[in-house]
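*Asks:* If you want the building blocks of each chain, they are given just below.
Protein chains: 2
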Amino acid sequence: MKLAKLIGDRFKEKPADCVIDSHALMLRGGYMKNVGNGIFSELPILRRITAKIEAIIREEMDAIDGQEVLFPVVLPADLWDESGRYDSVGSELIRFTDRNNSRLVLAMTHEEAAVHLVREYAQTYTKYPFMIYQIQRKFRDEARPRAGMLRVREFTMKDAYSFHTSQEDLEKYYAICYDAYYRIFARAGIPEVVTVASDSGMMGGNISHEYMLLTPIGEDVIVFCEECDYRANMEAAENIADPPSTGEEQELQCIETPDCKTIDAVCTFLNADIKSSCKAVVYQKNRDDTFVVAFVRGDYEVNETKLRNLVGEEIHPAEITETDCLVAGYIGPYQIAKEAEVYIDITLKGIPSLVAGANQEGFHYVGLNLERDLENATFVDISKIQEGSICPCCGKKAITIKRGIEVGNIFQLGTKYTKSMGMKYTDEKGEQHYPIMGCYGIGVGRMAASICEAHHDDYGPVWPISIAPWEVHICCLRADDEDTKAAAGKLYEELQDAGIEVLYDDREGVRPGAMFSDADLIGVPIRVIVSPRNLKESCFEITTRDKTVREMVPVGEAVTFIQKLKEEMYQKIRETVKERRICI
Amino acid sequence: MKLAKLIGDRFKEKPADCVIDSHALMLRGGYMKNVGNGIFSELPILRRITAKIEAIIREEMDAIDGQEVLFPVVLPADLWDESGRYDSVGSELIRFTDRNNSRLVLAMTHEEAAVHLVREYAQTYTKYPFMIYQIQRKFRDEARPRAGMLRVREFTMKDAYSFHTSQEDLEKYYAICYDAYYRIFARAGIPEVVTVASDSGMMGGNISHEYMLLTPIGEDVIVFCEECDYRANMEAAENIADPPSTGEEQELQCIETPDCKTIDAVCTFLNADIKSSCKAVVYQKNRDDTFVVAFVRGDYEVNETKLRNLVGEEIHPAEITETDCLVAGYIGPYQIAKEAEVYIDITLKGIPSLVAGANQEGFHYVGLNLERDLENATFVDISKIQEGSICPCCGKKAITIKRGIEVGNIFQLGTKYTKSMGMKYTDEKGEQHYPIMGCYGIGVGRMAASICEAHHDDYGPVWPISIAPWEVHICCLRADDEDTKAAAGKLYEELQDAGIEVLYDDREGVRPGAMFSDADLIGVPIRVIVSPRNLKESCFEITTRDKTVREMVPVGEAVTFIQKLKEEMYQKIRETVKERRICI
Chain A
1 MKLAKLIGDR
11 FKEKPADCVI
21 DSHALMLRGG
31 YMKNVGNGIF
41 SELPILRRIT
51 AKIEAIIREE
61 MDAIDGQEVL
71 FPVVLPADLW
81 DESGRYDSVG
91 SELIRFTDRN
101 NSRLVLAMTH
111 EEAAVHLVRE
121 YAQTYTKYPF
131 MIYQIQRKFR
141 DEARPRAGML
151 RVREFTMKDA
161 YSFHTSQEDL
171 EKYYAICYDA
181 YYRIFARAGI
191 PEVVTVASDS
201 GMMGGNISHE
211 YMLLTPIGED
221 VIVFCEECDY
231 RANMEAAENI
241 ADPPSTGEEQ
251 ELQCIETPDC
261 KTIDAVCTFL
271 NADIKSSCKA
281 VVYQKNRDDT
291 FVVAFVRGDY
301 EVNETKLRNL
311 VGEEIHPAEI
321 TETDCLVAGY
331 IGPYQIAKEA
341 EVYIDITLKG
351 IPSLVAGANQ
361 EGFHYVGLNL
371 ERDLENATFV
381 DISKIQEGSI
391 CPCCGKKAIT
401 IKRGIEVGNI
411 FQLGTKYTKS
421 MGMKYTDEKG
431 EQHYPIMGCY
441 GIGVGRMAAS
451 ICEAHHDDYG
461 PVWPISIAPW
471 EVHICCLRAD
481 DEDTKAAAGK
491 LYEELQDAGI
501 EVLYDDREGV
511 RPGAMFSDAD
521 LIGVPIRVIV
531 SPRNLKESCF
541 EITTRDKTVR
551 EMVPVGEAVT
561 FIQKLKEEMY
571 QKIRETVKER
581 RICI
Chain B
1 MKLAKLIGDR
11 FKEKPADCVI
21 DSHALMLRGG
31 YMKNVGNGIF
41 SELPILRRIT
51 AKIEAIIREE
61 MDAIDGQEVL
71 FPVVLPADLW
81 DESGRYDSVG
91 SELIRFTDRN
101 NSRLVLAMTH
111 EEAAVHLVRE
121 YAQTYTKYPF
131 MIYQIQRKFR
141 DEARPRAGML
151 RVREFTMKDA
161 YSFHTSQEDL
171 EKYYAICYDA
181 YYRIFARAGI
191 PEVVTVASDS
201 GMMGGNISHE
211 YMLLTPIGED
221 VIVFCEECDY
231 RANMEAAENI
241 ADPPSTGEEQ
251 ELQCIETPDC
261 KTIDAVCTFL
271 NADIKSSCKA
281 VVYQKNRDDT
291 FVVAFVRGDY
301 EVNETKLRNL
311 VGEEIHPAEI
321 TETDCLVAGY
331 IGPYQIAKEA
341 EVYIDITLKG
351 IPSLVAGANQ
361 EGFHYVGLNL
371 ERDLENATFV
381 DISKIQEGSI
391 CPCCGKKAIT
401 IKRGIEVGNI
411 FQLGTKYTKS
421 MGMKYTDEKG
431 EQHYPIMGCY
441 GIGVGRMAAS
451 ICEAHHDDYG
461 PVWPISIAPW
471 EVHICCLRAD
481 DEDTKAAAGK
491 LYEELQDAGI
501 EVLYDDREGV
511 RPGAMFSDAD
521 LIGVPIRVIV
531 SPRNLKESCF
541 EITTRDKTVR
551 EMVPVGEAVT
561 FIQKLKEEMY
571 QKIRETVKER
581 RICI
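Protein sequence lines correspond, in order, to chains A and B.
The opening residue of the first sequence carries number 1 in my numbering; numbering runs sequentially from there.
The opening residue of the second sequence carries number 1 in my numbering; numbering runs sequentially from there.
One chain only, chain A, in its complex shape:
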C-alpha cells in the first residue's frame, strides 16, 4: 500500500472534544470518522486493525470448539417478549416498527437469538455441550457515548453462547473460555489485562467476570486486595461492615437542627462524628416513581448497581417536592413514611448511637440505635467499598481502588433464557430439563482503542505487530531523487514478495518531519528510512516504533534483518500467551 493513496486525513491538532489519548490519536491518524452521536465509520487503517483482531478472536473461539454463526441485527420484538427483556430493558434498546407495523428491535446482545437458533436442534442431552458465536454489529442506545471508540452506540462485537446440561459442565467450559480470553488479549498485545468479578446486570445469572485493562482513564472502578487475589468491579464488590469503635448507646432524642440539610452540616452543627451519622439517598422507580430510600453511613456512598439489583427494577435519583411524603434534607429511617421502600446498609449495623433525620423539617434524631429502635431492622449491602476497606475475601483491611477499561466479559447465565423461552432437552432418563447457558463477549472496536490506550506515546499509537495495520513502514525521504526512490521501491517489492505487509511512503516534497509524524500516527512497528545519506553508506536505517531498535543495516541484508525483527516481535507476543487457570 502506498501512503499517498491511503484514504484518511492525518492532522496535528488535538480535537477539542477529545479527553483521552486513544480518541485523539485515532482521530488525528485518520482511523475513524464520527458519523453521529456514538456512531463511527472505520477508515482503512482501523479496518485493517479490527480485521486482525477479529481473526485472532475467531481462531481462539474455533480452538475451543466454537461454531461461528450469524444472527440478525434486527430482531422481532416477539423474541424479546419471550425472554421478558422487551419490557425490562430500558431505553438502551431501540424499538421500532416496520411497514406492516410489526415490532422490531435492534439487538444489543443476542441471547434470545441464540436460544431461538438451537432450541429445536438441542432437544437431547447427546447434543451438549456446544458453543456458538458470531462477530456482528450491535446497537445500544447509550445515554452518554464518549471517549471515541471506547463507548459508542454501534459496535462490532464477538458474542458467544454456550449450552450445558449441568452447572459443573458450564463451569468447566467457563474456565476454558476464561483462558481463551486471556490468550486473545495476549495475542493482541495486551497481556496485562486482569479479570475482576462483576455484576451480571441485565444479563441475568450469578457468576461473571470482566477483563479489565487498567488505566487511569478507564470508566470502570475496580477493587483490588493487596493481601490476596480478590479483584472485583466496584459495582459488584461486597462491602463488609466495619463499625467504628467509638460511641456509646444513648437515649433517642429529637432535636432541632435548623438549616442542616446535608450530613456534613448536621454533623458540624451537632459536633458529631460522621461515622456515627446516617445519610439518606433517595431514588424513584422508573416504572411508577415510588420512592426508594437508601440509608448508608455518612462517610459512605451508595452503590447504585447493588441497590438496583435489590430493588429488582430500574431506578433514578429522586426529585422530592413539598407535597411528597418525604422531607428533603431531613430523611431518617425512624418513623419514615410507609410509602417509601427503605434499604439500610450494613455500614449502619452495630453503631450504638446515630445521628439521623427526623422526617420533619428542621429536626434530627440523636442516639438512634437501629437494632433497638426499629422493628425488624434488616441490613443489606448497598454501599461502595472504599480504599482501605475490609477485603471480602481475606478479611484484611487491604482494599485499593483503580480504574480500568472493560475489554471483555463472560457470564454464567444459568437458565434465565432457556426457561423463559421454553428450551428443554431430554436427559439419559428421559426427563426434561432447561439447559444452562454461558455467554462471552468482546467488543472489537473497543479492544482496538484499548490497545491504543495501552500502547502509545505523545506522537501516536505503538501497535503490537499482531494487530498493526502493516508490519513495515518505508519512509523514502527524497522520493524526488531517482536512486533513492529506486532503492525504496525495490525494498517495497522485496518485502511484499517475502510476505510482509508494507506501507510505503514515497510522497515527493514532504519534509522528513512531516513524514515521521505521519508514520508515528499510523504506528507501524518496524520503520525503514531510505535516504540519499543512508544510501551513500549502502544502508537503510531501520527503527522500531517503540524506539528499542535503531540500526543502520546494509541494503542487501535489509529483508533478512526485517524478517528476523518481525519474527522476534511475534515471538515476544507468543511468550505472553501463557496458560492461566481460573479459580472461580
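In case anyone wonders, no lab produced these hints; they're calculated from the structure.
No incorrect hints appear here.
Because identical chains share one entry, a pair is satisfied inside a single copy or across any pair of copies.
Below are the DSS-like pairs computed for lysine-lysine, each with C-alpha atoms no more than 27 angstroms apart in a straight line:
| hint | residue 1 | residue 2 |
| --- | --- | --- |
| 1 | Lys429 | Lys172 |
| 2 | Lys5 | Lys424 |
| 3 | Lys397 | Lys275 |
| 4 | Lys12 | Lys127 |
| 5 | Lys419 | Lys172 |
| 6 | Lys396 | Lys349 |
| 7 | Lys490 | Lys2 |
| 8 | Lys172 | Lys5 |
| 9 | Lys429 | Lys416 |
Following the hints, complete the assembly by docking chain B onto the known chain A.
*Replies:* Frame of chain A; chain B shown alone:
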C-alpha cells in the same frame, strides 16, 4: 469438524412454504433458520460458505485497489436529508428515533456514508481516483420477502464506492470493476452469470449493469437479442415502435360501446384489431394522489419502472371513484381531463386509426389519429418489450425473454450524491468540481443461495469447492466397528494435517442411507466412504458430490488422491476465471 457436533438439524420433508429449490434445500440441510419475516440466522454450514464468499470478494476488491472500510448500520437521518433520500425513498427505508428523539435510519445502501467519509479527505484532484468498500449488514424493508435467502430484509452486502474526476476515468474503473465481478462469480462457481443493462432506480445515475444468473425461478425478467449482444433487464429495455401495417386514416367518430370496460371487450364489440386500440392504465402519485394516465397499444403492457422514471416520483395503481375526473373503463387520450398527467407510449405512434375511450361512460372513439387529433402529441417509451420485438441495438426482430436472479450490480452514479452533499475537489487549475461516483454491490447471502440454485440435484446442493463448507466429507459407515473407526479417524487426522478441510461423520448407529442423505444435503464436493467391506480390500471409496468420480482408492494412497482431486477442482474453477471486457 465432527458431524455429530455440527449445530443444525437436517430433515427430509420439504417445508410447505418453499417454492424454490435452494430455499427448501438450505432449510432442510440446516443452513439457516427463519427468525422473522425476511430475517434469517445463519447456521455454521452457511456461515462457512458466506465467509468463503466474503474472502473471495475481499481479494478481488483489494486487487483493484479497493480499500476496506466499515460504515455504520445505523445512520443519522441528517445524512439522508442531505442527499434528499430521507424523503424520496419509500417505506423500504426504516426510520426511527433514539432516546433523545434524534432521527435515525437503518442504512439500506451507503452512498451518503461514503461521501461523508471522504468529503474532507478528497478535496484535491491528486487524491483521485480511489475506491472504498465494506462488507456489512443492511436492512431493506421489502414489501414481500420471499424465496429464502434470495429476497430478505436483512442481508450482508459488499458495497463499493469509487470517486473520479472525469466521466472517462469512471468508465475506465467501471470496466475494471465489471471484470472483477466476473472473476468473483467465476471463482465462486457461477461463471455463467451474464451482465444486463439495468435501470438505476433510486440510485441515480445513468449507466448501470446487473449480473444475472439465468434460471426460470429468477425474479427478474431479462431481455436478450438472438442476433446481437443486447441484454437488458426488462425494467430498462427500450421498446421500439413497430406500427402495424394494417389500417387507414378515418374520420374521428364517437360511438356507443355499452359495457365495454376492457380493451378486449371493446375490440370484440367493434370487431377491431387490438393492435389498433389504445389502452389506458391509470396510476396515482404517492405524494398527492394526482392521476397519471399511461396509454399503450392494446397488446402491450406498461413498464412501470420506465413510467416512474418519467414521472420522477413514486406512483401506485389508481383507485378511481365516481366523483373523479376520470371515467373508469372509458379513458382515452382525446379530450381527457386536464387534471390528469398523460403519457402516450411510442407503440401508439404512426397508427392511422385507433379505438380509444371517449372519457364518457359507455362511449369510445374510433378513427382516432393521435398525431392529427391531439395538439402536440408526444410519445414516450413506457411499454414493456415483448418476445419477438425489435432489438433496440441491432434493429432485428429477435428479442427473447428469460428470467434471472440478480447476484450483483454496478452503477455509474454521476454527481448525484457529491452535488447534493456538497463534496468538491480542486482541479489542476484551481477550479472546483463535484467528483463523479460509481457504486458496486454484491449480496453475500443471495450469492450463496444463487450458487445453490445453480448447483444442486434432487438431494441437495453440489457446492463448488471454492465456497464449499468443507472440502472433504468422510462417512464412516460402521463406526461401531473398531478397525473401521480407526481407519476413518486416521484419515481424518491425515487430511487435516495436509491442510484439507474435513467434515467427519463418525456417528454410530446411523444407517448408510441416512448418512448419505445428510452428506448430500451438506453438499461437500469430495466424499470418502470408509466401510468394513471397502477395508477388506484395503480401500476407501472416493466419490464426488457431482457424481463424476467414483473410485476405490488404496488406503495408503487416499490422501494423495484427494489432494489431486481437490487441486483439479480448483483448477477447473480457475480456468473459468477469464478476462472479459465490457463494451459500455
